[in-house]
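Please take these sequences and the hints and turn them into a complete structure.
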Amino acid sequence: MNPAYATGLPAVIRGEEAFLAARRAKRMQALLGGAILLVCLVAAAWVSEARPATLWAGLPRIGEYFARILPDLRWASLFANAETEGSIAFWMYRLPEWTALILETANMAALATLMGSVFALAFAFPAARNITPSGFVYQATRRLLEALRTVPEIVYALIFVWAFGIGPLAGILAIALHSAGANGKLFAEAIENADLRPWEAVRAAGGSWVQGCRYAILPQVLPNILSYVLLRFEVNIRSASVIGFVGAGGVGEELYKVISFNYYEEISAIVLLIILTVSCVDLLSERLRHAAIGRLEAAR
Amino acid sequence: MNTPRASGVMNADIATWRARMPAAFGATPARRALRAVGWTIFAVWLVGSLWWFDITPQRLWAGLSGLGTIIVLMVPPSPGEQWVEILQGMAESVAMAFLGTFMAAIVAVPLGFLGARNIVTATLWRFSLRRVLDGFRGVDQLIWALAYVRAVGLGPLAGVLAIFTADIAVLAKLYAEAIENAEKKQAEGVVAAGGGRLASIRFGILPQVAPVMLAQALYFFESNTRSATILGVVGAGGIGLQIAERIRVRHWDEVAFIILLMIATVAVIDFISGRIRRRLIGAVR
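Going line by line, the protein sequences match chains U and H.
37 is the number that the UniProt record's numbering gives to position 37 of the first sequence; each next residue is one higher, with no gaps.
181 is the number that the UniProt record's numbering gives to position 181 of the second sequence; each next residue is one higher, with no gaps.
Read the hints as simulated data drawn from the structure, not as lab findings.
The reader is advised that the hints may include incorrect statements.
Claimed, not checked - EDC-like mimics (lysine to aspartate or glutamate), calculated; alpha carbons at most 20 Å apart, straight line: (1) H:Lys173 x H:Glu222; (2) H:Lys173 x U:Asp282; (3) U:Lys185 x U:Glu200; (4) U:Lys257 x U:Glu286; (5) U:Lys185 x H:Asp134; (6) H:Lys173 x U:Glu146; (7) H:Lys185 x H:Asp134; (8) H:Lys173 x U:Glu104; (9) U:Lys185 x H:Glu183; (10) U:Lys257 x U:Glu104; (11) U:Lys185 x U:Glu253; (12) U:Lys185 x U:Asp195; (13) H:Lys173 x H:Glu188; (14) U:Lys257 x U:Glu97.
Right, here's the structure in full:
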C-alpha cells in the first residue's frame, strides 16, 4: 500500500493524489508528443524513400565509395615526384590548375560580398526602424530584403546563367543578391541599436537625412558592419565553391566534373583544397573580426 | 593644464596644442599615406577582378535585359499541368530536412559529449575530434549531396544523407559548447550522492543542456528546409529537381510558382518551429 495513504492524514493524501494526477498528465503529454514525433518520422521516411531495407543495402556502398575516394598514399614514396604512385605529388598532380580555380572562387566570393554589402548598406538605412524616413519606405525595404534572402543562391544562379551566360558573372551576381538580403537585415538591426544622440545633433544643426546617416550613424556602426561583412565572406566562399555545379564559375565546375566521371582520388584532392581554403579564411576573418569588435569596444 | 581663457586664441597656442595632441588636428602624414596605399590596393584589386571576370557594362546591360524578359515571362506564376509533381517535390524536401536533421541531432549528442572539455579531459583526442568536425564544416551540403548521389543513386535518400552528414559536425560543435557552459554543481551533487559518472552526466548535465540542444535542432530544421529545396539540383530529390528541370525547358511561369511555393513553405515551417521552440523551452525551464 502507498505509504501516503497509510499515514491517514487527509492533507498528505490530497497532496499525494495531486502529485499522481500531475505525473499522469505529464506522462500523457510526453506520450502524445512522442507519438506525434513518431508519426512525423514514419511519414518523412516514407516520403523520402528512406526505407530501412534501402538504407541497409546502401550503407556498404557508401563505405565503399568513400574508401575509394581516399588517396592511395604510401609511406615509402610519400615525397616522391608526380610519376610515382602513392606520393602526394601524384595525388595532387593538377595542383596549379586547382589552385588557380580556388583563387578564382575566393575572388568571386570577395567580389560578391563587396557588391552585396554595398547594396545592403544602401538599403539598411531606410530599413532601420529608428531613422527610416517613413513607415511605407520601412515596410517596402524590409520586404525587399526578405524576398532577396529567401531565394537560395543556386536558384538565382540557375536563372542568371540563362540571362548572363555561363561563367563567373552569373555566380557573382547570384551570391551578391542573396548576401544583400541577408546582410541588409543584419545592418539594419545594427543601425537600430545605434545611439541616436549624434543623429539628433546633426539633424538639429541642419544636416540632411543622408548627412545624418553618414556622420552620425555610420561611424558608430562601421565596426559592427565590417564584422558582418567578414562573416558573410566566410559563408560566401562556401557557396562559391558549389555555385559552379550549375555552370556559374569557380571550382564547383571542376568538382562536378570529377564527381560525375568518378575520378575518385581527384575528388578528395579538390575537397581537401577547399577545406584548407575555407579554414584559412575562417581563421583570418576571425582575427580581423575580433580586431573590429575590439575597436568597437574601445570607441564606447 | 590651464587652457587660454582669453577671447582671442593666439597662433602660438594652436602651435603648442598641435605639438601636444597631434591626433586632434587630423590624421598624421604617415597615416594618410597608409590610407592612400590601402585605397590604391583596393582599387587595383577591384579593377583587376572586373577585368578577370570580364564584367563590362555591355555584358551587364545585355544580361539585365535578358533578365527583364525572364521576369516578364514569369508573370503570372502558374503551377502548370504537373502541379501534383511540384507538391510532391515540396513534401519530399520537407521530409528530407526533417529526417536528416532528426538523425543528425541524435548522433550529435554523444559526439557533443565526447567533444566537451568538462566531460572528456584527454586534450589530444578532443582537439583532433574538433579539427575533424571543423573540416566537415568546410564541405558544403551540395558537395555531400553530389557524392551521395554517386554512392546510393538518385533520389531523396541521397539528400537525407547529405543533410545528415553536413549537420552532424556543426550540431556536435554547438552541443559541445552548450555542455561546456553547463553548471558543474548539479553533476557534483549527483556524484556526492553516490551516483556514477554516467549518472552524473544523465541527471546532472543532460537536463541542463536538453532545451538548448532541442532549440538548436529546431533551428537546423528550419535552415535545412531552405537547403533541402535546392539539393534536387544535383539529383538528390525534392523540389530542386523540379525547378532545375523547368528552368532547363524555360517554363518561367512555373519557375515563379515554385519559387513562391518555396518561400511560403519555408515561412510556414519557420512559424511552426518557432511556436514549438518557445513552447518546449518554456515548459522545460
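Outcome of the hint check:
1. H:Lys173 x H:Glu222: holds, 18 Å
2. H:Lys173 x U:Asp282: holds, 15 Å
3. U:Lys185 x U:Glu200: Distance of about 23 Å is beyond 20 Å: violated.
4. U:Lys257 x U:Glu286: violated, 33 Å
5. U:Lys185 x H:Asp134: Violated. U:Lys185 to H:Asp134 sits at ~27 Å, over the 20 Å cutoff.
6. H:Lys173 x U:Glu146: The given pair, whose Cα atoms are some 29 Å apart, is violated under the 20 Å limit.
7. H:Lys185 x H:Asp134: violated, 30 Å
8. H:Lys173 x U:Glu104: violated, 30 Å
9. U:Lys185 x H:Glu183: Between U:Lys185 and H:Glu183 the Cα gap is close to 34 Å, so the pair fails against 20 Å, i.e. violated.
10. U:Lys257 x U:Glu104: holds, 17 Å
11. U:Lys185 x U:Glu253: violated, 31 Å
12. U:Lys185 x U:Asp195: holds, 18 Å
13. H:Lys173 x H:Glu188: violated, 24 Å
14. U:Lys257 x U:Glu97: holds, 14 Å
In this structure, the earlier hints numbered 3, 4, 5, 6, 7, 8, 9, 11 and 13 are contradicted, and the remaining ones agree with it.
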